[in-house]
Amino acid sequence: MSGVRYLGPEEIARTIRRLGHEIIESNRGTDGLVLVGLLSRGYPLARRLAAAIREFEGVEVPVGALDIGLYRDDVAQRGTPPPVRPSDIPVSIDGKTVVLVDDVLFTGRSARAALDALLDFGRPARVRLCVLVDRGHRELPIRPDFVGKNIPTALVQRVRVRLSETDGEDAVYVYGGEEGDA
Amino acid sequence: MLDTPARETGTGSGTTWTRKDLLDTDTLSREEIDLVLQTARGMKEVRSRPVAKVSTLRGVTVATLFYEQSTRTRASFEVAAKSLGADVVNLTASGSSVEKGESLIDTVRTLEAIGTDVIVMRHFRSGAPYLAARHTGASIINGGDGTHAHPTQALLDLFTMVSHLGSVEGRRVVIVGDILHSRVARSNAWTLLRLGADVTLCGPATLLPRWFVPEVPGGGRCTVTTDFDRAIEGADVVMALRMQKERQQRGLIPSLREYIAGYQVNARRLERAAPGALLMHPGPMNEGVELSPDVAHGAQSRIEEQVANGVAVRMALLYLIAARSRA
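So the protein lines, in turn, are chains A and B. Residue 148 in my numbering sits at position 148 of the first sequence; the count goes up by one each step and never skips. Residue 128 in my numbering sits at position 128 of the second sequence; the count goes up by one each step and never skips.
Derived by calculation from the structure, the hints in this document are not laboratory data. Since this is a predicted model, take the numbers as computed values, not measurements. Where is the CB? At the ideal position from N, CA and C, for every residue including glycine. Any given hint could turn out to be false.
[To be verified] Distance ranges between label pairs, derived from CB positions: (1) A/D73 / B/D87: 17 to 27 Å; (2) A/D73 / B/G234: 46 to 56 Å; (3) B/R58 / A/H137: 21 to 31 Å; (4) B/R58 / A/E10: 40 to 50 Å; (5) A/A51 / B/R268: 23 to 33 Å; (6) B/G298 / A/S26: 49 to 59 Å; (7) B/G166 / A/E60: 27 to 37 Å; (8) B/R72 / A/D116: 40 to 50 Å; (9) B/D87 / A/R138: 29 to 39 Å; (10) A/E169 / B/R30: 22 to 32 Å; (11) B/I114 / A/K149: 44 to 54 Å; (12) B/P217 / A/D145: 50 to 60 Å; (13) B/R268 / A/E57: 42 to 52 Å; (14) B/G298 / A/D145: 22 to 32 Å.
[Claimed, not checked] Pulled a few chain B residues facing chain A out of the computed Cβ check, cut under 8 Å: (15) T16; (16) Q38; (17) T39; (18) R41; (19) M43; (20) E45; (21) V51; (22) S126; (23) A128; (24) Y130; (25) R250; (26) Y319; (27) L320; (28) R324.
[As the list claims (entries may be wrong)] Computed from the model, here is a short list of chain B residues facing chain A with C-beta under 8 Å: (29) W17; (30) G42; (31) R49; (32) V54; (33) T56; (34) A323.
Isolated chain A (complex conformation):
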């Protein structure tokens, strides 16, 4: 099963810069902004967004890491317990604007779990959702606020984001089914 590469390193870098601009535009600056990346690949994306924002605005936006293993709703379906890792939310999120960052938005169940996990750490003023790839097929009423790239997919296909921090390269692949029409 061969994968089709949709994004490479340059495109991912450009997309992150654009998302960084969109986030600070929508937030009207960096005040009260906290980026929280889902483990494992949302977290390096959140750090890259923070680096981009530092470049534009000269401001260090706090970055947290959120693990959703204990909040998933598919434990019984998976048959094996999802991995559990420590979350690390370095600042209070009370009254802040938290941008949840993940690599792929699919059914919306991870985002749902992330909301539950995040709210165990405090009461943000608002929560936004930023994803590198939106592949469609939502099963819950969840929509992203900031999208890097929409990749229409068939349900049977798999979307894989690879990042240098976790996988040694920057790329987005789509595997299986008929080739998607991006």
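Keeping the supplied structure of chain A fixed, place chain B upon it in accordance with the hints.
Just chain B now, kept in the frame of chain A:
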């Protein structure tokens, strides 16, 4: 700290948990042990939150079934289960049908029939949890059986060591005291040897195993000695065991005073261990016997930390076992 999540996902999530029961550490693979430790790190973070509770095991019922007294193990399991949102039923031998002569097998079957998913069991007979596990579909976690095994204690001890030393590979751990009757020593030896630590089991000759030395192919080396002053030299971890006073009555040690002279961990002896060596004890302590009070509460003591880590490690085990059994 911020670097760890990304790094860990690269390799750590390959192993999955498939065991129904946790009866001892002797059959756990290196990967399974690593999975428990990694999961426990996540649980420790949950425990550090202002509201230290999640609802992952909502709808799961955990029973503690203790045929032998215990403070920390039973309380630790109860807190762990409740921190994960499970319901907990506590049974002790006194005050239950066990007093009327109900057999172990009937008791665990009754617990299963009322919807118990996980039974944490302590029994004065070695092997009792194995018998129970064969006769129930519920998961059995061994909370200590006779002189045989105490796997959750060994895993929390390991977690405490790894959190200070990074890894136990190539480290030397001295366990001192009544090795012969110690389920803690046995279960610790298996995990430590499996992860490549060298283990020295030390005590008076009458309290040392004569025919059994744990061996793990490709793991660390286990040695048995009566010479504590030599064993502690350069040790990275010193673990003292509780000296049961009844051992003296049974003639296994000549006198408590002689035991203290040869085997008490005190400041003078601890100085000969590696700089910053960890001092551990599974509790409950006899201060002034196996440990002098100054070291028991000194800078190198990790004893209270062991108790706190126990909750995180037991959460990890309950999670891995209960999440698996729901599938």
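Quick rundown of the hints versus the structure:
At about 19 Å, the CB distance of A/D73 to B/D87 agrees with the hint of 17 to 27 Å. At about 51 Å, the CB distance of A/D73 to B/G234 agrees with the hint of 46 to 56 Å. For the pair B/R58 and A/H137, the supplied restraint of 21 to 31 Å holds, since their beta-carbon distance comes to about 27 Å. Remark: the range hint 40 to 50 Å for B/R58 to A/E10 is upheld by a beta-carbon distance near 46 Å.
A hinted range of 23 to 33 Å is violated for the C-beta pair A/A51 and B/R268, which are about 53 Å apart. Restraint check, B/G298 to A/S26: a C-beta distance of roughly 55 Å satisfies the suggested window 49 to 59 Å. Checked against the given bound of 27 to 37 Å, the beta carbons of B/G166 and A/E60, roughly 29 Å apart, stay inside it. B/R72 and A/D116 have their C-beta atoms about 31 Å apart, which leaves the hinted 40 to 50 Å range violated.
The given range of 29 to 39 Å is respected by B/D87 and A/R138, whose C-beta atoms sit roughly 34 Å from each other. Taking the beta carbon of each, A/E169 and B/R30 are about 29 Å apart, inside 22 to 32 Å as hinted. Distance hint check: the CB atoms of B/I114 and A/K149 are about 53 Å apart, consistent with the given range 44 to 54 Å. Remark: the range hint 50 to 60 Å for B/P217 to A/D145 is upheld by a beta-carbon distance near 55 Å.
Look at B/R268 against A/E57: about 60 Å separates their beta carbons, and that is not inside 42 to 52 Å. Taking 22 to 32 Å as the suggested C-beta distance range, the pair B/G298 and A/D145 does not conform, at roughly 54 Å. Given hint, B/T16 at the interface with chain A, holds; its Cβ is 4 Å from that chain's nearest Cβ, closer than 8 Å. Hint status for B/Q38: holds, given a least beta-carbon distance of 7 Å to chain A, under 8 Å.
For B/T39, the shortest C-beta to C-beta distance to chain A is roughly 5 Å, which falls under 8 Å, so the interface hint holds. Restraint check, B/R41 versus chain A: the minimum CB separation of about 5 Å is within 8 Å; hint holds. The restraint placing B/M43 at the interface with chain A holds, with a minimum CB-CB distance near 7 Å, inside the 8 Å limit. Interface hint at B/E45: satisfied, since its Cβ lies 4 Å from the closest Cβ of chain A, which is below the 8 Å cut-off.
At a threshold of 8 Å, the smallest CB-CB gap from B/V51 to chain A is about 7 Å, leaving the interface hint in force. The interface hint given for B/S126 is violated, since its Cβ lies 30 Å from the closest Cβ of chain A, which is over the 8 Å cut-off. Proximity of B/A128 to chain A is violated relative to the hint, the smallest CB-CB distance being about 27 Å (cut-off 8 Å). Here the hint on B/Y130 is broken, as its CB sits about 24 Å from the closest CB of chain A, past 8 Å.
Checking B/R250 against chain A: minimum C-beta separation of about 45 Å lies over 8 Å; hint violated. Restraint check, B/Y319 versus chain A: the minimum CB separation of about 6 Å is within 8 Å; hint holds. Here the hint on B/L320 is kept, as its CB sits about 5 Å from the closest CB of chain A, short of 8 Å. For the restraint placing B/R324 at the interface with chain A, the shortest Cβ-Cβ distance is roughly 6 Å, inside the 8 Å limit, so the hint holds.
Checking B/W17 against chain A: minimum C-beta separation of about 6 Å stays under 8 Å; hint holds. The beta carbon of B/G42 comes within 4 Å of a beta carbon in chain A, closer than 8 Å, and the hint placing it at the interface holds. Because the smallest distance between the Cβ of B/R49 and any Cβ of chain A comes to about 7 Å, under 8 Å, the interface hint for this residue holds. Here the hint on B/V54 is kept, as its CB sits about 5 Å from the closest CB of chain A, short of 8 Å.
At its closest, the beta carbon of B/T56 sits 4 Å from a beta carbon of chain A; the interface hint therefore holds under the 8 Å criterion. Hint status for B/A323: holds, given a least beta-carbon distance of 4 Å to chain A, under 8 Å.
The structure fails hints 5, 8, 13, 14, 22, 23, 24 and 25 (numbered hints given earlier, in ascending order).
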